[in-house]
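S.K.: In order, the protein sequences belong to chains A and B.
Take 0 as the starting number for the first sequence in numbering that gives the first Met the number 0 and just add one per residue.
Take 0 as the starting number for the second sequence in numbering that gives the first Met the number 0 and just add one per residue.
Worth flagging that the hints you see were computed from the coordinates, not collected in a lab.
Check each hint, because a few of them may be wrong.
Any copy, or any two copies together, can satisfy a pair, since identical chains are not distinguished.
[Unchecked claim] Straight line, CA to CA, 25 Å or less: simulated SDA-like cross-link-like pairs of lysine to any residue:
id, residue 1, residue 2
1, K427, A221
2, K242, A176
3, K427, R243
4, K216, P185
5, K379, N21
6, K379, S78
7, K271, E194
8, K20, Y40
9, K216, D431
10, K449, L472
11, K379, T17
12, K52, V450
13, K379, A75
14, K242, V410
15, K54, F153
16, K271, G151
17, K20, W463
The structure displayed is predicted, hence computed values, not measured ones.
Number of protein chains: 2
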Amino acid sequence: MDSAANPKKAVPTPEQDTAWKNYVEDFRGAGHETVEWIARYFNNVADLPVLAKVKPGELLDALPASAPELGESYAAMLSDFDRIIMPAVTQWNHPRFFAYFACTGSAPAILGEMLAAALNTNGLHWKTSPAVAELETRTLDWLRQWMGLPAGWFGIIYDTASTSSMHAIVAAREMVAPEARREGNPPGLVLYTSEQSHSSIEKGAIAVGIGQNNVRKVPVDADFRMRPDALAAMIEQDKAAGKRPFCVVAAVGTTSTTSVDPVPQIADIAEKHGLWLHVDAAYAGAAAIVPEHRYILNGAERAHSLVVNAHKWLLTPIDLSVFYTRRPDILRRAFSLVPEYLQPQGDPRAHDLMDYGVPLGHRFRALKLWFVMRYFGREKVEALLRSHIEWARRLADLIDADPRFERVAPVPLSVVCFRYKGTDEDNKAIVDKVNASEKFFIAYTVLHGKVTLRLAIGNLATTWEDVHEAWKLIQGAVST
Amino acid sequence: MDSAANPKKAVPTPEQDTAWKNYVEDFRGAGHETVEWIARYFNNVADLPVLAKVKPGELLDALPASAPELGESYAAMLSDFDRIIMPAVTQWNHPRFFAYFACTGSAPAILGEMLAAALNTNGLHWKTSPAVAELETRTLDWLRQWMGLPAGWFGIIYDTASTSSMHAIVAAREMVAPEARREGNPPGLVLYTSEQSHSSIEKGAIAVGIGQNNVRKVPVDADFRMRPDALAAMIEQDKAAGKRPFCVVAAVGTTSTTSVDPVPQIADIAEKHGLWLHVDAAYAGAAAIVPEHRYILNGAERAHSLVVNAHKWLLTPIDLSVFYTRRPDILRRAFSLVPEYLQPQGDPRAHDLMDYGVPLGHRFRALKLWFVMRYFGREKVEALLRSHIEWARRLADLIDADPRFERVAPVPLSVVCFRYKGTDEDNKAIVDKVNASEKFFIAYTVLHGKVTLRLAIGNLATTWEDVHEAWKLIQGAVST
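If we strip away everything but chain A, and leave its shape as in the complex, we get (with noise of 0.2 Å):
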């Protein structure tokens, strides 16, 4: 079959006029669908159950072994999704999803995602979208200023966290070992974290070469905080070695109990031994929008860089990660590399964003942040952060007062760790009574040793009686 000498038309086109109507009308009806079903979804979510009960390979077993050879309707589709993908889905939107950190897929993100993949533009470059840069630009500096961080930094949005803090690591190295872009990793770099920081900072040096040798996990104090005098010691003890320290990452709010690091201090050691400071405050940050809790920002002005996810506490659906810097000089002597067919534009307040990392095509992620901030307004987010850090502190409370129970670290925002005053197997028990009621998700971590309960709070549909049902029946799964 010589197919390329009778060329077909795949698809309806605008030339076909009736094909491409078609195309459209389908759409707009299952588009309509999809607009009803969401609706419905998010009247509904609070009665699935939110932790999948598939088997491992069950929902896989369910899909054919091969894609259709032909078209199918939306109806089949949609049928599908309904009938198979969503009893394999973990409900992270649900109201009781008190795991890992609690996040929201806001309404007006959703229009923001539509519309993002509609247009498919592409911002690369400034030319190939100029919406893409100067609305992310302008989007970041409204976040900036809610968090109160200094005029001037430079925003850029990345898919995670985990890629935000790859960037910083990268960047640190470009300013004090700038020899590397051309001639590989020198030996002797040093990473330092603390030991409850989270996991990407190591991954991310072994990424880039640093090796896990080199990621020093500088102990804690009895709250979780990076001890200053420890850092101080390391670093010292290293240049001693003839190592080449380069950078420092700070944690506002540690992934297992939101300590935060004492960033000042931190910084004056940075400062002195002319370290690269990177704040990961990649669910905390966004408490900073609340005046009273704005502190846990404090010293963050001097970092180089800092990491938020507005897909964590800032009502955007996964994924946008923000990154800011006050050396973007740096971050794109890191990364810049123009190719001919890649022409920059000239113009100073034409940047391009592939310059600025590792992802050379950058998707419209703006517009979604751009909806959510309008469509809530800084005094909405801010009280709903605030109720968040409330009820948090009130099931504190509650934990404090009940005697078979301990917390486990301080509660300076929405995650509550604890403990029943038992076995390590008492607790994963518990665990799996509260998960397996099909009403909540919660999670543990390992604190001192001893495994520990992790209640996080950070839906937008959450209530307080969510947590306290929550609570109830943590106690009534205490083995008796």
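Fit chain B to the supplied structure of chain A, relying on the hints for placement.
M.R.: Same frame as chain A, but now just chain B:
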């Protein structure tokens, strides 16, 4: 003001029935309106200017300097989107977008993005959303079959091809120099790629600490394909000098001319010297779906990894880059770092996507690809790609028939490189004139040191008439 003591409910919740109902009803209204907007866009996009006409800073200045204090209406947001944002959008979904690699944000994918945003589910871990891991596995296996790649290859989705290729480089290092994970990069690692390969390879090598000086740009033949003899000689020379060759990146479809490197011969050399072979088929890999063009992936079955972007020629909006590897064990060894709070599931069918790369969070991207593959089916995708390739061939014939022009590279796929037989300035002037018409967007590249026009076909709505009109405009733009 002690707001914490007087928590206000920030936003509507199910507890506050009316407010939540309003939240959902508002979304319904705006959602339906957005579906209608997109339907109109599909019908009218061909009439919009392809390139945004704004000046640098124009959109930035049109947006308020600060985010609103109080929430705004969807009506205001959508009106501003139309009025302020749209003029700054370059229309990548336009049938006459012929720059870079033309691509499509297709209708079924929009539904996938809507649902993914609403669920906001995150497949970092199998249990955090089995649907994410398993639909990704199944869908990428479907695509593997369409492309005729070997059974058993492991697939994972990253954001862009740049990120995929960076992961390939890290996996290559893990295979050849596994000590790097703990100790950091050893000296002397060398990577090979052709002088026509995409800048992301060099950027990836910089990011992971290999260094630009250790990226060998292998010369190409007259048709812009990597010369295996030159590759072999460079490797021998480096080994003789005590270097450690570890990775070769072959391009199937280079960025400028879509030339196809001789993968079988490169695989021979990679095997002889124990190098990881990565195939960058970001754009061209899709063409393997067309039986008579499957040859472009000959030899790729011997590669360790391969990247193909669904968001290039496979009807899926950005971002969705597919990374295949036959050595997921090495990829996992390079990246897995399982912290206590993210315990593994233990079941061999329940793999955790976070173990296979830098990003921890994992968006439900597979959903849009699943919808695209089902909606179009293999037959329509095949026919569409065949048409694009045929039209490129037809355009090449027209160019060859006009003595004022010359083709500069073969046309194996849907991109045509050619030039007016004049100065670089003459050719740039043609590009400027064509783009200033607002009806087309073409780009140029530099080949054999000369400015070369480049027309890329790849959008769903494009017809032969669109390509032909572009050619007539180019002919007319010759300064006489």
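S.K.: How do K52 and V450 come out at 25 Å by Cα distance, when the copy is not named: within, between, both, or neither?
M.R.: Classified as within: same-chain Cα gap 24 Å, cross-chain 59 Å, threshold 25 Å.
S.K.: Checking K449 and L472: alpha-carbon separation at most 25 Å within a copy, between copies, both or neither?
M.R.: For K449 and L472, the Cα distance is within 25 Å only inside one copy (21 Å; across copies 72 Å).
S.K.: Within a copy, between copies, both or neither: which one fits K20 and Y40 at a CA-CA cutoff of 25 Å?
M.R.: between (30 Å within a copy, 12 Å between copies)
S.K.: Checking K216 and D431: alpha-carbon separation at most 25 Å within a copy, between copies, both or neither?
M.R.: Neither. Shortest intra-copy (31 Å) and inter-copy (55 Å) distances fail the 25 Å Cα cut-off.
S.K.: If the cutoff is 25 Å on CA atoms, where do K427 and A221 land: within, between, both or neither? Let me know, please.
M.R.: Within. Shortest intra-copy distance 24 Å satisfies the 25 Å Cα cut-off; inter-copy 66 Å does not.
S.K.: Within a copy, between copies, both or neither: where do K427 and R243 come within 25 Å Cα-Cα?
M.R.: For K427 and R243, the Cα distance exceeds 25 Å both inside one copy (42 Å) and across copies (48 Å).
S.K.: With identical chains treated as interchangeable, where does the CA-CA distance between K379 and A75 reach 25 Å or less: within a copy, between copies, both, or neither?
M.R.: For K379 and A75, only the inter-copy Cα distance (18 Å) is at most 25 Å; the intra-copy one is 40 Å.
S.K.: When no copy is specified for K379 and T17, does a C-alpha distance of 25 Å or less occur within a copy, between copies, both, or neither?
M.R.: between (47 Å within a copy, 17 Å between copies)
S.K.: With identical chains treated as interchangeable, where does the CA-CA distance between K20 and W463 reach 25 Å or less: within a copy, between copies, both, or neither?
M.R.: between (49 Å within a copy, 19 Å between copies)
S.K.: State whether the alpha carbon distance between K54 and F153 is at most 25 Å within one copy, between copies, both, or neither.
M.R.: between (45 Å within a copy, 20 Å between copies)
S.K.: Within a copy, between copies, both or neither: which one fits K271 and G151 at a CA-CA cutoff of 25 Å?
M.R.: within (24 Å within a copy, 53 Å between copies)
S.K.: Reference check for the pair K271 and E194, CA-CA at most 25 Å: within, between, both, or neither?
M.R.: Within one copy only: 22 Å inside a chain, 43 Å across chains, cut-off 25 Å.
The structure fails hints 3, 9, 14 (numbered hints given earlier, in ascending order).
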